[in-house]
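Could you slot chain E onto chain U? The hints should help.
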Amino acid sequence: MKINIWHLSSLLISFLVLIPIITVFTSFFENTSNYYEVLKNTFLMEYIFNSIVLLISVLILTFLIGTGTAYLVSFYKFPGCNFFKWALILSFAVPPYIYAYSLTAFFENYGTAFTILKNLLGDANYNKNIPKFDGMIGAILSVSFSLYAYVYILARASFLYQSQNLIDLGKNLGFSKFSTFYKIILPAARPAIIAGLSLVAMETLAEFGAVDFFSINTLTTGIYNSWIHFDDLAFANRISFFLLLFIFSLFILENLSRRKAKYHLNSRGGFKNKVQNKLFGRKAFLASMFCFLIFFISFLFPLGQMLYWTIKFPQNLFDLKIIELMLNTSYLVILSSLILIIFSLISNYGNRVSRNKILNFLSTLSISGYAIPGVILAIAFITFIAWFDNNIIKFLEFNSIKKVFIGSILGLVIVYFVRFYSLAFNGIKSGYEKINISVDESAYLLGYSKRKTFMNIHVPFLRNSLVFIIILISLEILRELPITLILRPFNFETFATTAYISASEDLLEAAAVPSLFLILIASFLIIVTSKYILKESYE
Amino acid sequence: MKKISIFALVVSFFVSAFAVADEVNIFNARHYKADSELYSKFTNMTGIKVNLINGKSGALEKRIIEEGADSSADLYITADAGRCGAMDKKGHLQGGLTSKVIKEAVPKSFRTNKWVGIAKRARIIYYSPERVSGAELSGMTYEGLADPKWKGRLVIRKSSNIYNKSLVASLIANNGKKAAAAWAEGVVANMARTPKGNDRAQIMAVAAGEADIAVANTYYLALMLSGKKGAEQQEAAKKVKAFFPNQNDRGAHMNVSCAALVKGAPNKANAIKLVEFLLTPESQEHFTNNTFEFPMIDGVSPSPLVVNNLGLDFKQDMKTKLASYGKNQAAAVEVMTAAGWK
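Protein chains in written order, with our numbering: chain U, 1 to 539; chain E, 1 to 342.
Honestly, the hints are just simulated from the structure, not real lab data.
One should not assume that every hint holds.
[Unchecked claim] Using 20 Å as the maximum straight-line C-alpha spacing, the simulated PhoX-like pairs for lysine-lysine come out as follows:
id, chain 1, residue 1, chain 2, residue 2
1, E, Lys238, U, Lys128
2, U, Lys118, E, Lys239
3, E, Lys56, U, Lys128
4, E, Lys62, E, Lys89
5, E, Lys241, E, Lys315
6, E, Lys321, E, Lys90
7, U, Lys321, E, Lys56
8, E, Lys158, U, Lys132
9, E, Lys103, E, Lys268
10, U, Lys132, E, Lys196
11, E, Lys228, E, Lys33
12, U, Lys429, U, Lys450
13, U, Lys283, U, Lys177
14, E, Lys239, U, Lys128
15, U, Lys118, U, Lys312
16, U, Lys429, U, Lys357
17, U, Lys312, E, Lys228
18, U, Lys171, U, Lys183
19, U, Lys434, U, Lys450
20, E, Lys196, E, Lys151
21, E, Lys342, U, Lys132
22, E, Lys103, E, Lys342
23, U, Lys321, E, Lys33
24, U, Lys278, U, Lys177
25, E, Lys151, E, Lys342
26, U, Lys85, U, Lys357
27, U, Lys118, E, Lys238
28, E, Lys321, E, Lys108
29, E, Lys178, E, Lys327
30, E, Lys49, E, Lys342
31, E, Lys321, E, Lys103
32, E, Lys33, E, Lys56
Extracted from the complex, chain U is given alone in its bound form (with noise of 0.2 Å):
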């Protein structure tokens, strides 16, 4: 077999994703400091039943959210039906961790719900009628707002595509609106639901930001409080270790999903326009406030409740250092993206050129970093430079090379190349494979060469993608927590992190300010691409 640089590069990005792999299971079997041994033993309990909890009751609202908007825009006609298709996506703009701070400011004793009731109603102590969301129900409500999206827009594009004949049959059989979607349309997107769910499972089995805020005691809050309060790396890779046993069979749930999803697109062509129903009256109403509710909830009450706190508390907005933190993240954008990008393309190209089985099998591996926690990453990789510094470097008489690596943009780019791949890797894919082979084959006839094919025709053909991707990347990096938390130099903060550190240090109106750009960002972003974001979803 001929080495070239297509191996070498599917080589080094396949090794990459596997450092964290090796070294959570490496660890496993490494004994944990004795210190605490027998309280750590009920944690690991408390963790493993919290993450269950968490995960399944995320699971059930995500699905009754998701599936429920989704039905309705897709099979019905009412007003702001229209609006409503993309507005939903928008709860993407908010990540859970600012969805718990909004749960917090309302709620609270003395909060915003305390302070609207007083004005509406005169003087007295209404702290004890208003609901307080925290602990597990506010960390259940933060993560299931904030992704249920991902459910809707699978939902949704498998709705679309669903056979009209079959729907039809069903009336012909007299089975009622109910029936239909119970029998026929729920059976049908079944595998685009569980995909769905399985993305919300993945970053419910992540999540750190809500649940650290409302001291939930997860696997993954576990992982880190392992490590930082505790000193404990071993211990933390132990966690870890359940953590990814978990994650994987979802990730092989996942997968086998995918597959069926596939199965049932393909049969797409050939059939009728769906046939959207309008509503009228009572039941129209009723779809649109259902709708402008989930809306509401998911999306105007964070964004409304860090606004109004940035306005009451305006000092704070004086106080940070707005364009050092937009700078700050663009460099971090800009850095990460061309770096996917360039190392997408080449994976790309050399499948496409090669078209070698090892290669596909390397690449598969390599996109499996989006399903491992970002909290995993960031101490795994901690872990593996400091064996490796300790082990190799002194052993060669180098200086350390920890510094380099921990606490520096560098590492940081690192991991989030881990964490993001699959995100630019699929991406180019998918344009990819809109570019015929057969258009390859003339520019050869035309005596092209290999690179001037790449330069001249497949770059042009692949622009859209290549926006898209930097696009998603800057929103994935723009609400990322704990990678950023964990491995960014000092004095080095993003919107995210200087959010994370207001709200834990008792400053929750200083984090306001940040967590409202950070919306409006994300927002800017989900906007301008959402037309892409629910047509890609179904191609």
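Chain E only, in chain U's frame:
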């Protein structure tokens, strides 16, 4: 291999750059805007440049530990004696904060030779004057928080909170681990709710009627009264009163913001100069007016908001060594966790 040697070059360049200039590197976990103004004053006075590295205490400690002997940190400034003590226990601090100025300014129990208190706070009891009578509170102590008469009436933060760890560590130092364990069980039995929220949330819970008494630090009430946290919290703060426990014996539990001298500090002399500067009346006034802490030195008055609402003539615990907070920290966590303190 070539790459590695380039890395080595880059690293050694940075290390040497750090050592040459006339400066001091502070790893700072106190996020008060006021503090950075104070450091600029120091630079103006002495010409020593202050490099401020801000972060959460956990992350800063992590970095000091990671960097080990060649740490770039000179001083670690954080808001609890338990944190400084724990860093000492792990062997990451060095002796030398023993200049005459420091010794004269700071009482013995508030310093070691490796770290020094720079501003004081007390962890005290807040109560609702509507629901708690003077007779009930008379002679109240920390030990008394475990009394069954407070069943369902007490709010306090989680056991993972450093202020609670230090409070329990001081109880272990005074009464022994066994008594502290029984005490923790009593406190858990008295809780009005599962612990949640920060110190202000405990005070607000009393104001809102969720509980009758709360445990929180002194400066939080002043902060709420100042209006910096909004009109609602200002109003809430007026509904609670402060009570200083253990006035008939050792005095109220005291804690400090502390400055610690890091092992391998490249600018040790400058670090000592800076600590001395933080202990001048001018700096101390700056602390009391901006963070509502108590001054570390004599001759400086706390903020009027503190004096008017908390009073000045309370007995501080000057006996219990703050160094015991770090020493007993692991035992404190064990005691609280065993009692089911969330």
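Results for each hint:
For the hint pairing Lys238 of chain E with Lys128 of chain U, the CA-to-CA distance comes to about 18 Å; that is within 20 Å, so the pair holds. Using a Cα cut-off of 20 Å, the hinted pair Lys118 of chain U and Lys239 of chain E holds, with the two alpha carbons roughly 16 Å apart. Annotation: proposed proximity of Lys56 of chain E to Lys128 of chain U is violated, straight-line Cα distance about 34 Å (limit 20 Å). The suggested pairing of Lys62 of chain E with Lys89 of chain E holds, with an alpha-carbon distance near 14 Å, which does not exceed 20 Å.
At most 20 Å may separate the alpha-carbon atoms for a hinted pair to count; Lys241 of chain E and Lys315 of chain E meet this at roughly 17 Å. Distance check on the hinted pair: Lys321 of chain E and Lys90 of chain E sit about 19 Å apart at the alpha-carbon level, within 20 Å; holds. Restraint check: the Cα-Cα separation between Lys321 of chain U and Lys56 of chain E comes to about 18 Å, which is no more than 20 Å; the hinted pair holds. With a CA separation close to 17 Å, the supplied pair Lys158 of chain E and Lys132 of chain U stays within the 20 Å bound.
For the suggested pair Lys103 of chain E and Lys268 of chain E, the alpha carbons sit about 17 Å apart, so the restraint of at most 20 Å is met. About 11 Å separates the Cα atoms of Lys132 of chain U and Lys196 of chain E, which keeps this hinted pair within 20 Å; it holds. As the CA atoms of Lys228 of chain E and Lys33 of chain E are separated by approximately 14 Å, the hinted pair is consistent with the 20 Å bound. A distance of roughly 18 Å separates the Cα atoms of Lys429 of chain U and Lys450 of chain U; the hinted pair therefore holds under the 20 Å criterion.
Of the supplied pair hints, the one linking Lys283 of chain U and Lys177 of chain U holds, its CA atoms being roughly 13 Å apart against a limit of 20 Å. With a C-alpha separation of about 15 Å, the suggested pairing of Lys239 of chain E with Lys128 of chain U holds against the 20 Å cut-off. A hinted pair counts as satisfied when its Cα atoms are at most 20 Å apart, and Lys118 of chain U with Lys312 of chain U qualifies at roughly 16 Å. For the hint linking Lys429 of chain U to Lys357 of chain U, the alpha-carbon distance of about 16 Å falls within 20 Å, and the restraint holds.
For a cut-off of 20 Å, the pair hint linking Lys312 of chain U to Lys228 of chain E stands: about 10 Å separates their Cα positions. Straight-line distance between C-alpha atoms of Lys171 of chain U and Lys183 of chain U comes to about 12 Å, which keeps the hinted pair within the 20 Å bound. For the hint pairing Lys434 of chain U with Lys450 of chain U, the CA-to-CA distance comes to about 18 Å; that is within 20 Å, so the pair holds. The straight-line distance between the Cα atoms of Lys196 of chain E and Lys151 of chain E is roughly 18 Å, inside the 20 Å bound, and the hint therefore holds.
This hinted pair checks out: Lys342 of chain E and Lys132 of chain U have alpha carbons roughly 18 Å apart, not beyond 20 Å. Taking the CA atoms of Lys103 of chain E and Lys342 of chain E, the gap is about 39 Å. The hint is violated against a cut of 20 Å. Of the pairs offered as hints, the one joining Lys321 of chain U and Lys33 of chain E holds, with about 13 Å between alpha carbons and a cut-off of 20 Å not exceeded. At roughly 14 Å between alpha-carbon atoms, Lys278 of chain U and Lys177 of chain U fall within 20 Å of each other, so this suggested pair holds.
Restraint check for Lys151 of chain E and Lys342 of chain E: satisfied, since their Cα atoms lie roughly 17 Å apart, inside the 20 Å limit. Pair hint Lys85 of chain U plus Lys357 of chain U does not hold up; C-alpha atoms about 40 Å apart against a cutoff of 20 Å. Proposed proximity of Lys118 of chain U and Lys238 of chain E is supported: the alpha carbons are some 17 Å apart, at most 20 Å. At most 20 Å may separate the alpha-carbon atoms for a hinted pair to count; Lys321 of chain E and Lys108 of chain E meet this at roughly 8 Å.
With a C-alpha separation of about 16 Å, the suggested pair Lys178 of chain E and Lys327 of chain E falls inside the 20 Å cut-off, and the hint holds. In summary, the hint linking Lys49 of chain E to Lys342 of chain E is not supported, as the alpha carbons are separated by about 43 Å, beyond the 20 Å threshold. Our distance criterion of 20 Å between C-alpha atoms is met by Lys321 of chain E and Lys103 of chain E, whose separation comes to about 15 Å. Taking the CA atoms of Lys33 of chain E and Lys56 of chain E, the gap is about 15 Å. The hint holds against a cut of 20 Å.
This entry does not satisfy hints 3, 22, 26 and 30, going by the numbered hints stated previously.
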